[in-house]
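Engineer: If you follow the hints, you should be able to join the two separate chains into one complex; please do so.
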Amino acid sequence: MQPATTTDNDAPARRLNGDLIFRAITTLFAFSILIILAVMLVEMASESLPSIRKFGWKFITSSDWDAVQGVFGALPYLYGSVVSSVIALLLATPLSIGAAIFITEICPKRWGTLIAPLVELLAAIPSVIYGLWGVLVMAPWLQSSVEPFLIEHFGFLPFFQGAPYGVSMLAAVFILMIMVVPIITSITREVLLAVPLSQKEAAIALGATRWETIRIAILPYGKSGILGAAILGLGRAVGETMAVTMVIGNAPKISLSLLSPAYTMPSVIANEFAETTSKLHGSALMEIGLILLVVTLIINALARLLIWSVSQSAGGGAS
Amino acid sequence: MMHSVAVRKAKNHLMTALMLAATAAVLIPLGMIFFHIMKMGFSSLSLDFFTQIPKPTGETGGGMANGMLGSFMMIGMASLIGLPVGIFGAIYLAEYGAGRTSTAIRFAADVLSGTPSIITGMVAYTLLVVPMKGFSALAGAVALAMIMIPIVLRTTEEQLKMVPGSLREAALALGVPIWRTSLKVTLRSALSGVMTGILLAVARVAGETAPLLFTALGNQFWGSKLTQPMAAIPLQIFNFAIAPYEDWHRLAWAGALVLVTVMFSLSLTARYFGRSRH
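First to last, the protein sequences are chains W and S. Start counting the first sequence at 1; every next residue gets the next number (the working numbering). Start counting the second sequence at 320; every next residue gets the next number (the working numbering).
Hints may be right or wrong, so weigh each one.
Derived lysine to aspartate or glutamate pairs resembling DMTMM-like cross-links, with alpha carbons at most 25 Å apart [to be verified]: (1) W/Lys253 to W/Glu272; (2) W/Lys253 to W/Asp64; (3) S/Lys328 to W/Glu201; (4) S/Lys480 to W/Glu190; (5) S/Lys503 to W/Asp19; (6) S/Lys328 to W/Glu212; (7) S/Lys328 to W/Glu105; (8) W/Lys54 to W/Asp66; (9) S/Lys330 to W/Glu212; (10) S/Lys452 to W/Glu43; (11) S/Lys544 to S/Asp566; (12) W/Lys58 to W/Glu275; (13) W/Lys109 to W/Glu212; (14) S/Lys374 to S/Asp566; (15) W/Lys109 to W/Asp19; (16) S/Lys330 to W/Glu105; (17) S/Lys452 to W/Glu272; (18) W/Lys223 to W/Glu190; (19) S/Lys330 to W/Glu201; (20) W/Lys223 to W/Glu201; (21) S/Lys358 to W/Glu120; (22) S/Lys452 to W/Glu275; (23) S/Lys480 to W/Asp19; (24) W/Lys279 to W/Glu43; (25) S/Lys544 to W/Glu105; (26) W/Lys58 to W/Glu272.
Across the chosen pairs, the derived CB separations fall in these ranges [unchecked claim]: (27) S/Pro403 to W/Thr277: 38 to 46 Å; (28) S/Lys503 to W/Thr277: 55 to 63 Å; (29) W/Ala202 to S/Gly395: 51 to 59 Å; (30) S/Gly494 to W/Trp111: 19 to 27 Å; (31) S/Lys452 to W/Pro196: 58 to 66 Å; (32) S/Tyr591 to W/Ser145: 15 to 23 Å; (33) W/Pro117 to S/Val324: 33 to 41 Å; (34) S/Leu502 to W/Val86: 41 to 49 Å.
The set of hints was computed from the structure by calculation and includes no laboratory data. Glycine is no exception: its CB is placed at the ideal position from the N, C-alpha and C atoms.
Just chain S, same shape as in the assembly (with noise of 0.2 Å):
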């Protein structure tokens, strides 16, 4: 037998008004965490950030210029190996793999995507920083690339097998090599979806700390050398957030604002991009 009408109708209600209850509860926390951050970080935010390095401790005022830079540098030299290596992979996966080394490969990237950053740390420890007998950027670099690699291949790889095959076929039956219509016909007509693919990877990176904490290990002052400690914008937030100054707690919440705004509007380009497609 069936519950009465009534009965029903009322754990519906009351179902709903749960789901309705949850969906705050999600969003509320978020939206502390937004609000905070724009709160403290536009009132912390000020033209030093931009131009300064952190001051010693117990002086007031100072930047994150350098963290700046060293992010910048780190990203860019991470895209440099990671980007080609996936890109190059999912062509690979798009127009040759239908086998079972692909599925593996497939499956491989995203279990990988999902482990620990702070691994990748470990693993180009022991790759990097040993044998050079130092902290350097260019271990960070490489840490990051090792979480951009996998990313970027599924991306690139969903949005290759989006073109149509006639398209491959008019290139080839006009007699272009296999290689240039990979790159020149296939790659090209899955711009729009690969950037958007490439914009999620570095946004990704940009926030991560973990992988860097003992590769670029952070600097205090200016460093632009790849085999020298370098500083960068996630390691200075954790470090001045944990550090008892309040003046280093202000930097942080500027370094917070700086960091989400890079990234959500690497977020919304990738938007606009993934859009356009269509």
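Chain W with its partners taken away, still in its complex shape (with noise of 0.2 Å):
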């Protein structure tokens, strides 16, 4: 602290340091960000070498995940993970951009602006909830209504074999779509608001019916941003934990068919990790951690670009 006894003088100097100061904590808070991101991979990088140097390519290779002997194989997770992300994205993102489109497009606008908020709030849903909801509700569905049935019809296709569990690949894809339908929704929506009206009024004028107008005037135009939301999508299902590990049933298999239990990486890192039996097993599970990491990093940065590249050409055109 000053000494009371500074003069008039001093307040200049004063002034400056306390500006000096502010801007060195506001800087260093604000680097804290790229901090955060930099510890997390070397954290996690550092702490999966044991794995990486025992293991190499076999870890992702190879189906032994046996921490009694030491062997640990993470194939299992990683088609578990996606598997189930890919199926969700696919059924989820043309029910997302057909609702997105009939809440900005289609309904009157009264509709849209008591949807939109609805929808995003149930985005806002934790996951431990959808989870909940999946493992004491959707699965028993499932077991008694949902799978007999696909077996009863389907069960030719090796998709559908296999006996009724209830907590199954398919509960896990199920309740991503749920899960990611918000999210995705949501941003598109906002893909489809930016769009300028004249695009729109363009298409009318030269007599194309609604749906013509949303063809050829409202999706090309929203098409990255769109992507982008999907993407985006993809990098919820693929970290998705608390909701998946309730309702996959756990089991570390490859199988073709949707009804057999599976497992993904971060419901593996969930279950085992508070418990590790030996030091390589912790590495192993951080080596999982670690592609997770990587995975999400890539699919998040190129959600990201292709939004940003949207609403930044909109703001152009806008000016």
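Structural biologist: Structural data, given as structure tokens:
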């Protein structure tokens, strides 16, 4: 602290100091984002080193995961993550785009202003609650009605063979779909709202029907933004932990059948990381975490670039 | 050649119907989740929920009072760490940040808010749980703070940027130092918008479970020491939902109802703050 004897001459210097300190603090805190990101990557990478050294590429090509023997291969978890997220996204994207178009372009404005915040509110429901509903309501329903139906009528396909367990890859796909739909819908809606009115008016002036207006004027304009929204949804699905852990059955099997239980990368971390049996076990889980982190970083970076490009070009067009 | 008008019109109606169906398919499962939380939650909720701790396996009754205290404490601590960092960082981006580094920070914040929250739990584990030789509420709070920072940073920055430059210039022309201008003029005029961002960030971490799994760990009993494992509502919902006891399922539903109610009130308050700006 400054002594109380400062004269007026010191005032500008003190003032300057205050500004310098302020600038230093704000700079440090802003850079904390980069620091957090760096610390995450470095910590995860260094903790994974023992596992990377020991198993090399075999880690992602082998299916042996045996904590007692000290052998770790993560293929079933990779498989489960990829299959559950990709199928969920394939189901969720068309639904979300349809809903977003309906909200912004088709239904009366008053409905739109009612449905849109509702969808956003639903995007904020914690994943553990989706999981609770998934394991206590949806999985029993799948077991008693949907899966027997699929087995009876589509059982000849390899995707619908085996017994109806309820908790299964199918349950994970459904719960992920339900969870990413609000996210993709609300971002797609924002992208569609950014389409200039002149685009639409031009199509209408040419005599286009409403669907033709949407197809030739609105969708092409928002294309990359919608793609970004879908990729962002993929990132969410890949990293989703609680809900999937609760409904997928947690069995490290690679099976073509959607009815069989499976396992994902975040789920195995959630289930085993607090009670690792050896250093190597912890390191193997860290390596799964590292793969997950790098994959989601790439997915999110791609999605943000696409969404940013739309919002910037829209901003440029308006000025 | 264009198709005939009748075909085009039919196609228009078909696509409209399909999009209506898509909207229904989006809203129906979400409505059902909401319905079940309400139905099961209200029938399971009792005064005990707010005053008792969970009973041992086999006994009926009990509540999640310890989880509520734990969630409250950890969210409070996470806010103490995360809010200043997020808000001051946002001031840097809005007031000083024009260059490439700032774009990089913005981009990193957006990317960071999309990384799986279980990763923050693993990082907090290696940074705090391992050196401190035990699971702790502090580690849980740090993991939650890491999730809050990028959210608060981005929303606050956007609000600060909307404050007209003339307001800053007026303050600076009066001889007010930059730091006072930033805090007392710029931040203050954007306060309602900043509050919205804060409330949304708090709502987001209130429901986080994965980052607490190997940091706060959970606790069947009362625990208020920061260096000890601590209970949290989302952790209890998870543990009770996957347990095979009907009575625990009921507690989980009640917990879900309380959690959703708190989060929705936070979101609605945030919306209110966001609106009063205009």
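Engineer: That 55 to 63 Å hint for lysine 503 of chain S and threonine 277 of chain W (C-beta), does it hold up?
Structural biologist: holds, 56 Å
Engineer: Next pair to validate is lysine 358 of chain S with glutamate 120 of chain W; report whether the Cα-Cα distance is within 25 Å.
Structural biologist: With Cα atoms ~22 Å apart, lysine 358 of chain S and glutamate 120 of chain W stay inside 25 Å; holds.
Engineer: Go ahead and decide if the range 41 to 49 Å is satisfied by the Cβ distance of leucine 502 of chain S to valine 86 of chain W.
Structural biologist: holds, 48 Å
Engineer: Kindly confirm whether 15 to 23 Å is satisfied by the beta carbon distance between tyrosine 591 of chain S and serine 145 of chain W.
Structural biologist: violated, 42 Å
Engineer: Is the straight-line distance between the alpha-carbon of lysine 253 of chain W and that of aspartate 64 of chain W 25 Å or less?
Structural biologist: Judged against 25 Å, a Cα distance of about 10 Å means the pair holds.
Engineer: Range first: 58 to 66 Å. Now tell me if the beta carbons of lysine 452 of chain S and proline 196 of chain W are that far apart.
Structural biologist: Holds: the Cβ-Cβ distance is about 60 Å, inside 58 to 66 Å.
Engineer: Is the hinted pair lysine 480 of chain S and aspartate 19 of chain W satisfied, with a Cα-Cα distance of at most 25 Å?
Structural biologist: holds, 20 Å
Engineer: Given a hint of 51 to 59 Å, does the C-beta separation of alanine 202 of chain W and glycine 395 of chain S actually sit inside it?
Structural biologist: For alanine 202 of chain W and glycine 395 of chain S the Cβ distance comes to about 54 Å; the hint holds.
Engineer: Just to be careful, I want the Cα atoms of lysine 253 of chain W and glutamate 272 of chain W compared with a cutoff of 25 Å; is the pair within it?
Structural biologist: holds, 17 Å
Engineer: For a C-alpha distance cap of 25 Å, please report whether lysine 223 of chain W and glutamate 190 of chain W respect it.
Structural biologist: The hint holds at about 12 Å.
Engineer: Assess, step by step, whether the Cα of lysine 452 of chain S is no farther than 25 Å from the Cα of glutamate 43 of chain W, and give holds or violated.
Structural biologist: holds, 17 Å
Engineer: Between the alpha carbons of lysine 109 of chain W and glutamate 212 of chain W, is the straight-line distance 25 Å or under?
Structural biologist: Holds: lysine 109 of chain W and glutamate 212 of chain W sit about 20 Å apart, inside 25 Å.
In summary, the numbered hints that this structure violates are 11, 15, 25, 30 and 32.
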